[in-house]
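If you're matching them up, the sequences are chains W and A in order. If you read the first sequence in this note's numbering, its first letter stands for residue 1, the second for the next number, and so on. If you read the second sequence in this note's numbering, its first letter stands for residue 1, the second for the next number, and so on.
Calculated directly from the structure, the hints in this document are not laboratory data. There could be a bad hint or two in this list.
Identical chains blur together in the list; that is why a pair holds if it fits in one copy or across any two.
[Claimed, not checked] Here are the simulated DSSO-like cross-link-like pairs (lysine-lysine), alpha carbons at most 30 Å apart as the crow flies:
hint, residue 1, residue 2
1, Lys36, Lys465
2, Lys499, Lys126
3, Lys183, Lys101
4, Lys36, Lys126
5, Lys318, Lys155
6, Lys390, Lys318
7, Lys36, Lys213
8, Lys183, Lys390
9, Lys183, Lys139
10, Lys183, Lys441
11, Lys36, Lys318
12, Lys36, Lys499
13, Lys390, Lys465
14, Lys155, Lys126
Number of protein chains: 2
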Amino acid sequence: MHSDLSRLIELDRERKRIAHIGAILGWDQETCMPPKAVDERSEQLALIESLAHEKSVRPEIGELLLRLGSTSANPSGDSSLDQIERAYLRVLRRAWDRDTKLPADLVAEFARAVSLGQAAWVEAKKNNDFPAFAPHLEKILGLIRRQAACLDPGKGAYDVLLDLYEPGSTEASVAAIFSRLRKDLVGILTKIRSRPQIDDSILHETVGEARQKAGSDWIMDLLDFDRGRGRLDISAHPFTTTLGVDDVRITTRYIPDYYPSSLFSTMHETGHALYELGIAPGPDFQGTELAEAASMAVHESQSRFWENMVGRGDAFWKRNFRHLAELVSPALDGVRREDFVRAINRVAPSFIRTEADEVTYGLHIILRFELESDLVSGRLAVPDLPAAWKVKARELLGLEVRDDVHGCLQDVHWSAGLFGYFPSYALGNLYAAQFATAMRKDLPDFDDRISAGDTASILGWLREKVHASGSTWLPSELIERVTGSALDPSHFVAYLEGKYSRIYGY
Amino acid sequence: MHSDLSRLIELDRERKRIAHIGAILGWDQETCMPPKAVDERSEQLALIESLAHEKSVRPEIGELLLRLGSTSANPSGDSSLDQIERAYLRVLRRAWDRDTKLPADLVAEFARAVSLGQAAWVEAKKNNDFPAFAPHLEKILGLIRRQAACLDPGKGAYDVLLDLYEPGSTEASVAAIFSRLRKDLVGILTKIRSRPQIDDSILHETVGEARQKAGSDWIMDLLDFDRGRGRLDISAHPFTTTLGVDDVRITTRYIPDYYPSSLFSTMHETGHALYELGIAPGPDFQGTELAEAASMAVHESQSRFWENMVGRGDAFWKRNFRHLAELVSPALDGVRREDFVRAINRVAPSFIRTEADEVTYGLHIILRFELESDLVSGRLAVPDLPAAWKVKARELLGLEVRDDVHGCLQDVHWSAGLFGYFPSYALGNLYAAQFATAMRKDLPDFDDRISAGDTASILGWLREKVHASGSTWLPSELIERVTGSALDPSHFVAYLEGKYSRIYGY
Chain W
1 MHSDLSRLIE
11 LDRERKRIAH
21 IGAILGWDQE
31 TCMPPKAVDE
41 RSEQLALIES
51 LAHEKSVRPE
61 IGELLLRLGS
71 TSANPSGDSS
81 LDQIERAYLR
91 VLRRAWDRDT
101 KLPADLVAEF
111 ARAVSLGQAA
121 WVEAKKNNDF
131 PAFAPHLEKI
141 LGLIRRQAAC
151 LDPGKGAYDV
161 LLDLYEPGST
171 EASVAAIFSR
181 LRKDLVGILT
191 KIRSRPQIDD
201 SILHETVGEA
211 RQKAGSDWIM
221 DLLDFDRGRG
231 RLDISAHPFT
241 TTLGVDDVRI
251 TTRYIPDYYP
261 SSLFSTMHET
271 GHALYELGIA
281 PGPDFQGTEL
291 AEAASMAVHE
301 SQSRFWENMV
311 GRGDAFWKRN
321 FRHLAELVSP
331 ALDGVRREDF
341 VRAINRVAPS
351 FIRTEADEVT
361 YGLHIILRFE
371 LESDLVSGRL
381 AVPDLPAAWK
391 VKARELLGLE
401 VRDDVHGCLQ
411 DVHWSAGLFG
421 YFPSYALGNL
431 YAAQFATAMR
441 KDLPDFDDRI
451 SAGDTASILG
461 WLREKVHASG
471 STWLPSELIE
481 RVTGSALDPS
491 HFVAYLEGKY
501 SRIYGY
Chain A
1 MHSDLSRLIE
11 LDRERKRIAH
21 IGAILGWDQE
31 TCMPPKAVDE
41 RSEQLALIES
51 LAHEKSVRPE
61 IGELLLRLGS
71 TSANPSGDSS
81 LDQIERAYLR
91 VLRRAWDRDT
101 KLPADLVAEF
111 ARAVSLGQAA
121 WVEAKKNNDF
131 PAFAPHLEKI
141 LGLIRRQAAC
151 LDPGKGAYDV
161 LLDLYEPGST
171 EASVAAIFSR
181 LRKDLVGILT
191 KIRSRPQIDD
201 SILHETVGEA
211 RQKAGSDWIM
221 DLLDFDRGRG
231 RLDISAHPFT
241 TTLGVDDVRI
251 TTRYIPDYYP
261 SSLFSTMHET
271 GHALYELGIA
281 PGPDFQGTEL
291 AEAASMAVHE
301 SQSRFWENMV
311 GRGDAFWKRN
321 FRHLAELVSP
331 ALDGVRREDF
341 VRAINRVAPS
351 FIRTEADEVT
361 YGLHIILRFE
371 LESDLVSGRL
381 AVPDLPAAWK
391 VKARELLGLE
401 VRDDVHGCLQ
411 DVHWSAGLFG
421 YFPSYALGNL
431 YAAQFATAMR
441 KDLPDFDDRI
451 SAGDTASILG
461 WLREKVHASG
471 STWLPSELIE
481 RVTGSALDPS
491 HFVAYLEGKY
501 SRIYGY
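Just chain W, with the same shape it has in the complex (with noise of 0.2 Å):
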């Protein structure tokens, strides 16, 4: 290997070193962290953040990619160099040009903006109180536009925004695909209203934490997470976090009436963390900026995998469903494994988004996305978001909005300055069904594996195919290479008119 990649990976190791040490304070803080010690720990991870920055933007690492050949123009560089160095040399300029790009006044005042918009968006949910929040938003907005501008002002900002998280797409190409998803989505809600709805009162019998944790670690058993290299805690709300290469760990929270959400909340993680944990674009870019996800949306596609396709599925409780009745017993006493089921999989309109089933969580996701980009082009004025979400709510999810509570107040990303996230959680579900569709080719048996408790087959197709090059391929390269064509809801569409027209028997 050239001298000049070698000494670029090493000062790429070390910054990633200090995002690690960064996220073991994180995890510490949201698991373990006793309570008065919180605003010393924010001081913590400042400076931890500064020590990262400070690493990222070594002018070392500038040149170095230079006397690789790597530019904004050509991030790639030398046509010389390997594959997989150009790859990574894409990557690294990425973050590079990311990192370097932006102020350091409009990175303090929007660490600033954003402390206190998140403080004000607690108040005003807790008060219902959008006009003491919308300044926030205001601000936050006019921050997030200056800060689109520096990283890429030949484009729009909506468009700079999105590529953060789904590197390569645009606000077109994202609309592109939800238009058509919209259509199908609504189609599939609308007949599914038309036939008798689901009761799922059978799933909210109280079951103890001890036996909800026996639950969660069951599944991650099954689903062959590795605990050599992670672990199960609890949180207030279940995430998946990366302190190391080889630690990956996971949280939950266990609800005394409602087992079912400990439960599909481990799948979910568990599938966030597989991903993590499969990551191994060779020795030699261990721990570098190629060993991170191709983006937020195949990251979701791996949890929603997990969690929905595999997890919610008939043939998953086909083998387990005996071992889930015996752990919450006596709460599934009587009950039929196809009743729980179709309980888990009870589709109905709701206010809120984190709540959602399978049909309209992606409605939840495409009103925001619509929302979010008129707000940041300037289209939609923040006084108007409140009428804009009740407006948009009635169309999609057929609900009268009662107040911002259940509309736009309910979500912390806009307070936190996330503008252009929200649309992964949707793309995720259309890559993993897409997935879904080239895994049933290799593998045609793919339910009677299920069946016979052959997840592991599953998870080796997806650890060669998705896992493994971690960001070496943008997105789009990636669902070609693995599927033969590019993103496409119809996939996702055909999955929930199967499984749904069974369900409801439409």
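Based on these hints, arrange chain A on the given structure of chain W.
For chain A alone, kept in the frame of chain W given last:
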């Protein structure tokens, strides 16, 4: 405050904050980390250590110290400064000299030598093979002598090492104290050995982990450990670690057939934690070098005070025995409090330091002090260590050491390069007893307070007299201020005489 001093405090807080981040990584490694992350964690720790070193040796710190008049010869700086400011300059100059006087290649060579040395020690201990470890010990001793010469070429090497852990102490001052202590401990032990011995088999009933944990939680609450600023976890060896001003964590371990282990180790570590949490040299100096313990021995005085002088005392169990018996039931069913208190105070010479009782513990330390000072000075050659150990064990403990695993291979310290550390353990007992004598003058009803559950007034006394000042005073100054006289082993000896003459009836 002088602006140079404010800036110095700012730089100092940053280096301390990185040390706390390192402590978070270390705590996680011992309590939570999945096993396969161990190699990566050591790289993360090495990175944090190098960042901490960078921050510690910033030339600006040295310049500011000089500008404030602080030199190695006059560490406290300008006489026009406040007393606390001068104390602060003294401790920071001390740290600065320690951090800057060792050449980088010596630091690196030492790190390698102790890393190899510890691995060799583990093997040698497993195989009872001192000769395999001897060359490592030789190497480490050579580097230790070089370090001492760098730190202060004008002093004896062992004096320099002792001063790292117990500032202001010397081989001669420790030897003077230990020679009196040795005579008195041997005298007490002889009297105890002439009496009927105590059988502590009543302590070896099996108690499950959940109930032992409840016992540890109960002890922490009894001793007013603020759970908002700390927590309890499990590790292979109990320890206390400071992750921040408001985050001090302790650990214990649960031995199924010996619950007193977790009970008393929790008292011990809680004592350490209460000290750390009580350090409060004023808001200006929070999170600085002044907010550190006065010394290792003063730290140990706090753990041993709570573990032994409170926790193994009859007054404590007058109030708490019944509740303990309920917690561990049926392990103590039918056992009288008097017999429980006798059993937890059984004295018997044994080979292993970490299992020693209050009387023989000091003899284990004196043995090590005499041997390690001879090793460092070269008066004792490494190959002669096993034989020298056996002679001392016979003299001090009346024991015939049958192999080096029960002799000079038992402790990790020397393989880790920790020479000069052992005396702190015994000095801690002396500080504890002398503090207790002074405390009984202010609180003559000490025992009644303990029996009445009023440990708060005792903690309040320690906070005010011992904890709050941090490292404002040298240990020798602190003991003078608190008790009116220099460290004197007679208080500890009188405490042992009073307690064990009652227990053994001599």
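How the hints compare with the structure:
no. : hint            : verdict
1   : Lys36 x Lys465  : between (46 Å within a copy, 25 Å between copies)
2   : Lys499 x Lys126 : neither (38 Å within a copy, 61 Å between copies)
3   : Lys183 x Lys101 : neither (39 Å within a copy, 72 Å between copies)
4   : Lys36 x Lys126  : within (23 Å within a copy, 43 Å between copies)
5   : Lys318 x Lys155 : neither (51 Å within a copy, 77 Å between copies)
6   : Lys390 x Lys318 : neither (41 Å within a copy, 68 Å between copies)
7   : Lys36 x Lys213  : both (27 Å within a copy, 23 Å between copies)
8   : Lys183 x Lys390 : within (19 Å within a copy, 87 Å between copies)
9   : Lys183 x Lys139 : neither (34 Å within a copy, 76 Å between copies)
10  : Lys183 x Lys441 : within (28 Å within a copy, 85 Å between copies)
11  : Lys36 x Lys318  : neither (47 Å within a copy, 34 Å between copies)
12  : Lys36 x Lys499  : neither (49 Å within a copy, 40 Å between copies)
13  : Lys390 x Lys465 : neither (41 Å within a copy, 64 Å between copies)
14  : Lys155 x Lys126 : neither (37 Å within a copy, 66 Å between copies)
The earlier numbered hints that this structure contradicts are 2, 3, 5, 6, 9, 11, 12, 13, 14.
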